[in-house]
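Colleague: Sequence:
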Amino acid sequence: MLIFKFQYRFFEMRKVMLDLVGKSGKDVLEVAKEVALEAGDLLMRRFRSVLEINYKGRGNIVTDVDKEAQDLIQRSLFAEFPEIRFVGEESENPNISNGLCWIVDPIDGTRNFASGIPIFSIVIGLISDSNTIVGVNYDPIRNDMFEAKLGSGTRLNGKLMQVSAQTKISECIIGMDMSYSNQGGANSLDVVKSIWPGMQTLRIMGSSALGLSYVSSGMIDLYFNHQLSAWDQVAGILLVNEAGGYVIDRNNQQAQVKSDGIIASNRELLSEFIELTKGMNWRKQSK
Numbered sequence: 042m043l044i045f046k047f048q049y050r051f052f053e054m055r056k057v058m059l060d061l062v063g064k065s066g067k068d069v070l071e072v073a074k075e076v077a078l079e080a081g082d083l084l085m086r087r088f089r090s091v092l093e094i095n096y097k098g099r100g101n102i103v104t105d106v107d108k109e110a111q112d113l114i115q116r117s118l119f120a121e122f123p124e125i126r127f128v129g130e131e132s133e134n135p136n137i138s139n140g141l142c143w144i145v146d147p148i149d150g151t152r153n154f155a156s157g158i159p160i161f162s163i164v165i166g167l168i169s170d171s172n173t174i175v176g177v178n179y180d181p182i183r184n185d186m187f188e189a190k191l192g193s194g195t196r197l198n199g200k201l202m203q204v205s206a207q208t209k210i211s212e213c214i215i216g217m218d219m220s221y222s223n224q225g226g227a228n229s230l231d232v233v234k235s236i237w238p239g240m241q242t243l244r245i246m247g248s249s250a251l252g253l254s255y256v257s258s259g260m261i262d263l264y265f266n267h268q269l270s271a272w273d274q275v276a277g278i279l280l281v282n283e284a285g286g287y288v289i290d291r292n293n294q295q296a297q298v299k300s301d302g303i304i305a306s307n308r309e310l311l312s313e314f315i316e317l318t319k320g321m322n323w324r325k326q327s328k
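Read in order, the letters of the sequence shown correspond to residues 42 to 328 in this note's numbering.
Note that these hints are calculated values from the structure, not bench results. Check the hints yourself; a few may be wrong.
What the hints assert, rightly or not - Below, simulated EDC-like cross-link-like pairs (lysine to aspartate or glutamate); rule was C-alpha separation at most 20 Å, straight line: (1) Lys-97 to Asp-112; (2) Lys-108 to Glu-79; (3) Lys-325 to Glu-313; (4) Lys-108 to Glu-75; (5) Lys-209 to Glu-316.
As the structure is a computational prediction, the values presented were derived from the model and not from experiment.
Work out the full structure: start from the sequences and follow the hints.
Modeller: If you want it as structure tokens, here you go:
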């Protein structure tokens with residue numbers, strides 16, 4: 042049986058949020074949404090255009106648009122909240138400190154974006170220590186805005202969302218993504234092979250942020266990923282939790298922004314997934 046230890050330090054963080062109003066007088070969540078929309082306009086102007094591409098590793102690329110979008114987001118957030126630290130995927134020193142901090146992925150799904158595949162998003166999250174208190178994930182292709190504030194539920198384009206009510210893996214759509222780690226990717230495929238055909242179907246997203254967002258809105262039933270960075274999951278963890286779901290790490294503990302691998306779903310499906318993957322290499326801690 043799963044033991045969930047979801048201790049948000051809820052009241053302390055709610056008090057923090059009550060004080061978070063930007064220079065313009067706008068609420069912190071509204072600011073994050075407006076900035077995501079602004080960055081989305083940039084991405085749409087540059088989508089399927091000539092890009093400058095550099096390789097950070099196998100399958101891991103960065104484009105000039107990633108950097109331009111991150112600069113835009115950082116300037117806009119700083120204009121409203123100059124006292125809050127900023128960390129983005131393309132930051133020179135992407136170390137996350139205690140206290141309030143923006144964590145941003147200017148393009149989650151850069152490989153898709155650079156290849157002209159219309160599956161990518163903009164992630165903006167605000168953490169208090171290791172807990173996300175505001176999360177936004179914006180898909181500019183579909184104009185889908187996933188948003189959550191701690192204690193206020195998850196919304197997609199203004200409508201409250203809930204995670205899937207499915208209770209059996211055999212009836213599920215499962216989402217996943219390959220790892221930048223060769224062995225991590227192989228282990229993820231082993232998980233799929235061990236379950237198949239005991240699921241309805243599988244989706245490889247190419248955007249972990251959208252995978253988590255789709256869990257939060259019930260579009261897919263469960264999502265797992267071998268290893269993510271803070272900017273990949275900062276908004277998605279809050280989105281799923283606020284939609285009545287849970288996000289755990291590969292050790293069956295509550296996931297946080299620095300967690301090493303995650304599984305997101307409802308309680309029943311997580312319990313079954315943990316049982317099905319017991320003893321598998323995918324569940325072992327990354328070196």
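Colleague: For every hint, state whether the structure bears it out.
Modeller: Consistency of the hints with the structure:
no. : hint               : verdict
1   : Lys-97 to Asp-112  : holds, 19 Å
2   : Lys-108 to Glu-79  : holds, 14 Å
3   : Lys-325 to Glu-313 : holds, 18 Å
4   : Lys-108 to Glu-75  : holds, 19 Å
5   : Lys-209 to Glu-316 : holds, 12 Å
Checked against the numbered hints above, the structure breaks none of them.
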